[in-house]
Amino acid sequence: MTPPLLSVRNLAINFGGVQAVRDVSFDVVEGSITGLIGPNGAGKSSVLAIVSGFLSPKSGSVTFDGNEVSGQAPFRLARLGLVRTFQLSSEFERLSVIENLLVAAPGQSGERLRDALAGRWRWRDQEAASIERARGLLDRFEIPAKEDDVAGDLSGGQKRLLELARALMAEPKLLLLDEPMAGVNPALIRRIESHLLALRDEGLSMLMVEHELGVVERLCDPVIVMAQGQVLSSGTMAELRTNQEVLDAYLAG
Amino acid sequence: MNIYVLSLGFGLITASILAIASVGFTLQFGVTNVLNLAYGDVMTGAAFVAYLVTKAGGGLAEALVAGAGSGAVASYGLNRLVYTPFVRRGTRLFGMIIVTISVSLVVQNGLQAIFKATFFSLSLPRPSSYTFAGMIFTSQQLVIIGLAVVAMVLVHALLSWTKLGRAMRATAADPELARSCGIATDRVIDVAWLLSGALCGTAGVTLALNVSSFTSTTGGQFLIPVIAAAVLGGVGHPYGAMIGAVVIGLSSELSASVISPDYKEVVAFIILIVVLLIRPQGIFSEVATQKEVAV
Amino acid sequence: MSSSMQFYVSNLLVYLGVDVMACLGLNLQFGVAGLINFAFIVFQAAGAYTAAVLTLGPSTAMGGFQSYIIGAHLPFPLPFLAAAVVGGALSLLVGLVALRRLRSDYQAMVMLVISLIATTVVTNATGLFNGSNGLALIPQPLKSTLGLSPVGYQWAYVVITFVCTILVWVVVRRITGSPLGRALRAVRDNDAAAAALGKNVTQLRLVAFVTGGAIAGLSGAVLAQFITAWSPGSWLFPESFVYFAAIIVGGSGNNLGAIVGAALVPVAFLEATRYIPQFGYPGLVDALQWVVVGLLTLTVMWFRPRGVFPERPQRFARPPGHGTETKT
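Taken in sequence, the protein lines are chains E, P and F. For the first sequence, the numbering used here begins at 1 and goes up steadily by one. For the second sequence, the numbering used here begins at 1 and goes up steadily by one. For the third sequence, the numbering used here begins at 1 and goes up steadily by one.
It is worth saying that the hints were derived from the structure and are not from the lab. Idealized CB from N, CA, C, for every residue including glycine. A portion of the hints provided could be inaccurate.
[Said to hold, decoys possible] Counterexamples of contact, computed for chain F against chain P with all Cβ distances above 10 angstroms:
| id | residue |
| --- | --- |
| 1 | V159 |
| 2 | P232 |
| 3 | P277 |
[Unchecked claim] DEER-style ranges, computed between Cβ atoms:
| id | chain 1 | residue 1 | chain 2 | residue 2 | range |
| --- | --- | --- | --- | --- | --- |
| 4 | E | R76 | P | S212 | 55 to 63 angstroms |
| 5 | P | F119 | F | R315 | 51 to 59 angstroms |
| 6 | F | T273 | E | R120 | 34 to 42 angstroms |
| 7 | E | N10 | P | V258 | 50 to 58 angstroms |
| 8 | P | L6 | F | S67 | 29 to 37 angstroms |
| 9 | P | F119 | F | M1 | 38 to 46 angstroms |
| 10 | E | N10 | F | R315 | 49 to 57 angstroms |
Sequences are here, hints too, so could you generate the full structure?
Below you can see the structure in the form of structure tokens.
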């Protein structure tokens, strides 16, 4: 049995006296789309923020790909292959569509001052390879915008696709999706779903926080349910639908 | 011991002027979320109006009323004609700083163009001096302290007991919510700027009264201590501004006596920077709101 | 060209070079990286003072009429290099302490106050750089080596300035046209997203801040050794605002915009009009200039906030065989 890609143990954090997360533990197995659901205030966003490095837990540990990473800065986690997306639009609004993707390419020597000052010849080849990969992603996701369009001018749905493509450009091993379908129209939801399934089949693992339970049912296995800062249960959506505790939590929360 | 008590006296006067000014400043910030860096120059404008009034034979009372009035009108006009249009156009926080500084440049140098770079004094009869427990005050300075106390009481009464005051607090806390509760936020904001402008103008006149002579840059130079007092108490919180004014007023006068008069203003600078870097929401706010953290 | 005309033109060209350098540096910090450096002028001043104290020689010489630290007779181009290093080092220090995740107007206030503190300290600690009187009789680079007439030396200085400006231009162009420039702009637009994609936001910001500071320092050295004097009056806070106004008018985030802005605001408005006849009383023209700067900034902020030359994303060539078809 290979160890899980992501392992979260006894996470806890509080904000001004409120225990947002208390003793949360779960695993994400490689090659799965794991769902994280729960009523409002359950602590899902806090867990996501801790796992991606944007918050430091009061206690507990996060192990990713064999590395103990709790408390490390987000950029270090990203460089290890843990990439997250955001609930609200987070495109680089003054950059073009293709520039948004190119930024995400990892390990660019042209981002170091020394190589930038030395001149184009130092990073030209890397850049050409990145451009090709970016164009490939734009084709694959069929984002209906020109690569030179300014990202801030795109519609909400186009931005969602752009951010997904951008996250992939970063060559993630684990993708943390923060409510990827929030505010997205049903037709686009289906398109994104098929993209995510295809990515999973290619070996990308995902942890998804999502409110749309239909999406969760179609995509996620297993699904972890949180309420009031703790993990209630986990399993397939079918199993969870018959779990009384889970039902109570949703009705109460 | 004597010199400390003396500076305590000076500190009280400075704190009084600061209190009037910073409460006005913080009220403007509270309702519009804009750091009005032209505030000091509106103070200078009021000082010049007071100067003209006293030169024409008016006394202190007339000068104060005229100054307060000019401050009110100027502030109201600034908000209606410049700031609100820019905000409606989508200008964000740093853009508004550029706008307010531009206004400051226009007002300050406009005043200098009109009045030249010379120094002026209010034409008032020499005041008599009183001694209280080792502190020396002129009658004019006692008026300043009295004015500050009266102004603070009036502001407190307004905010706590009147419908307008409650509307102002609601608008400052959450304009959307206030509007949906039926509060005419535009009207409230207008009144807030008129009132805070009156405070600004009054502060400008008292500042001119307290320094031996003033010029077109005097108000602008006073702006940093004003902002320091407002930020220390939590921008948008009038009671915090009052306390901030006392802290800054006293500490700058004390340090002027103890360390060196040259570094008097540095106290305000350092307090402002330290607060912004360590606790931008000020001493009296519980939680750093989204307002203070990078947006 | 008459001699006085040559002086006028060469003066303008040196000021233009200095202001172009400064605007390119500030544009890197603010336009590209989004850092609100309202204390920019302090770094230009640091470079100016550095060049001055490294060329003036010991302060005790010449009867000790001005007091300052260090005091050496370094030959050109060492003072210029040192000025850039000092500008960069000071930027590193200030950047580490004062660049925070603050709302942008608070960040502006922090830097503004730093500028005021710097002015107060230098003015009062007279042993540092001779206080409010400042430093005078600053030696000029290669003056005796070249042995030219006064007018001739003016033009030589124009060449020196031009070379420095070209150097700064190359540095800034290489940064902005590279993946580093793109990463800086990404951090400016959304630093959380940039971090989530593996960018070290703090390090990137410091790179931009320090490089911009080094450029500021160099521009200060060029200016100070040209006018042979430097005092606190040369670097009050409004000078930073002038540079901000320049890049806003010209186009923030665009190098060409920074150059155009430099030509329009600090040069055309402030330097060129220095030579128009002084009407009214002395000082009226200066006061009105500032009024115009304020009004101009407001006008541009209203009608064309992105400036004359707005920022444009980089375009990438397509290999032959690809059309530019719109995807549907």
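Check the structure against each numbered hint from earlier and tell me which ones fail, lowest number first.
none
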